[in-house]
Amino acid sequence: MGKTFAEKIFSKKVGHDVSKNDIVTIIPDYVMSHDNSAAISKIFGELEVDKLYDPNMLIIILDHTVPASQVKYAVNHKIIRNFVKKYGIMHFYDLNSMGGICHQVLPEQGYALPGKIIVGSDSHTTTYGAFGAFSAGIGRSEAAVIWATGKIWLKVPESLKIIVKGKLKQGVSAKDIVLHIIGKIGADGALYQSVEFSGETIENMTIASRMVFTNMVAEMGAKNGYIAPDEKTFEFLKGRAVSNYEVIYPDEDAEYVDVLEFNVSDLDPQIAAPHTVDNVKPISEFEGKLFNQGLIGSCTNGRLEDLKEAAEILKGKKISENVRLLVFPASKEVYIQALEAGYLKIFMESGALVLNPGCGPCLGAHEGVLADGEVALSTTNRNFKGRMGSPDSEIYLASPATVAASAIEGKFTNVRKYVE
Amino acid sequence: MIIKGKVWKYGDDINTDVIYPGRYTYQLLSPEEMASHSMEDLDKEFVKKVGKGDIIAAGKNFGMGSSREQAAKCLKYSGITAIIAKSFSRIYFRNAINAGLLAITLPEHVGKIEEGDIIEINLEERKIKTPKGEFEIPQFPKEVIEILNDGGLIEHTKKIIRDGG
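Which chain is which? The protein sequence lines are A and B, in order.
Residue numbers for the first sequence follow my numbering, so the first one is 263 and each next one is one higher.
Residue numbers for the second sequence follow my numbering, so the first one is 770 and each next one is one higher.
No lab work stands behind these hints, which were simulated from the structure alone.
Heads up, some of the hints might be wrong.
Said to hold, decoys possible - Rough simulated footprint, nothing fancy, chain A against chain B, three-plus residues with beta-carbon under 8 Å:
#, region
1, 787-794
2, 851-864
3, 893-903
4, 919-929
As the list claims (entries may be wrong) - A few chain B positions that, by computed beta-carbon distances, are all more than 12 Å from chain A:
#, residue
5, 773
6, 801
7, 818
8, 878
All residues carry an ideal CB built from backbone N, CA and C; glycine is no exception.
Construct the complete structure from the given sequences, taking the supplied hints into account.
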């Protein structure tokens, strides 16, 4: 019997054969943390060690509450900057570097590589699986323990294979597919599992679109996501990769918990309604619904192709006077590219507001929060009650194209009429 | 380890944002402050009614969402000693165990536990005594037992460091 991606990467890491449900103790290639590094440094202090296991293992990126909007956040950032200086941490991305959202920066800066094991104190750490890495979210205490000892124990997950086939209709994108899948299998549909995506639709996709899948596996409960690296991956990594890498592919005869196949040729734009990400229905069930705030950005949909899709719809048009539209590019690199391509000008002229790169309003900790009774239509990844501000607000999730078209009309709109 | 306490019941897919809202996640707060925000966007009465030693019983996918560790710690600081659920989100499970908060997966029987029940958890014997009968706790991996026995990941790691491992 062959091995899945997860079984192969952990077998290689520990130097002997391991299978699903085995528990392994490993030294990851990188441990990523963000604004929570201040809290992690406090826990690290409790461990009473005088040095980091390996300063080069740490990647720290400020993204969740940047720039600081209140003194408590500013203090948090100050603690992190002092820690970084004290311990000589090289992989640090502050506001004055080519930073942005951690899950965009790790790929851009060449850390997210095939065959690497990366853990991060953020649930969407799963994103790097789009490059053939094993990456999973961990807690703050676990991050602190890795800083001190280098080690973490992990269970080798069972694997679920999801095959996506068919050619998407105009105006339908990766986000619609992944919302559709989550709607079908549920918010715990891949609990504890390693989800391997394959099929012609995925193979034909850009790297940015593939990242939408591995990012959103967190919303099906998965431990990690995986997409087999190919020429597109290697092309993306050219000039970026910080080290050599070894590509790991699952065996043809690997054993999966289940193999699910989706044909997406007839798929319409999808919406995840409040308050769970698996509450998914086609746009037709929501057309005409009024909303207050549109959001385009985040680690899910804040990349150049997302901004391009939205800009093409908004070009020469004005958004409705009844909505506000916030655009927050995923990184400084994306911001500069969008600036050069003229997208940011299109957004600003349409009436949208372009924010700085970062997590922005996604988690309600910072800018752009919602008032009681307000409705948001957002390209982010979670629609939990109260996540973007008031517990009495509502969040609907959609693709960048759907948010752009809906912002023009001031109500939930099927983007297909703008692209056909 | 024997835990006896009163049960508070919650449903499926209880997420980290309602257990511990994002507006507090990037502030360094004391255990008491963390406890005061427990379940803030789900059940405003929770912090008033919860007592030391109480137990939460819940449905599937408890703790789904963010990796924020405070979502486990705030419940522990509120007095909760154990959470029994149909299933747990994986990061939440780890965060709970690492905080020394017992997280028990009991898919078949958790539905028989009612709000207000006084139940007894005996970890050595792997038994939960409830008004509707006695149920077996699934075997934890040895890594989890060691962390629980040491009172959480930090104490466990300090012990390992002290022992030179």
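Hint-by-hint comparison with the structure:
1. 787-794: holds (count 5)
2. 851-864: holds (count 6)
3. 893-903: violated (count 0)
4. 919-929: Coverage by chain A holds for the region 919-929 of chain B (6 residues, Cβ < 8 Å).
5. 773: Correct as stated: the minimum Cβ-Cβ distance to chain A is 27 Å, above 12 Å.
6. 801: holds (16 Å)
7. 818: Holds: least Cβ distance 19 Å, greater than 12 Å.
8. 878: Label holds. Min Cβ-Cβ 18 Å, cutoff 12 Å.
Checked against the numbered hints given earlier, this structure breaks only hint 3.
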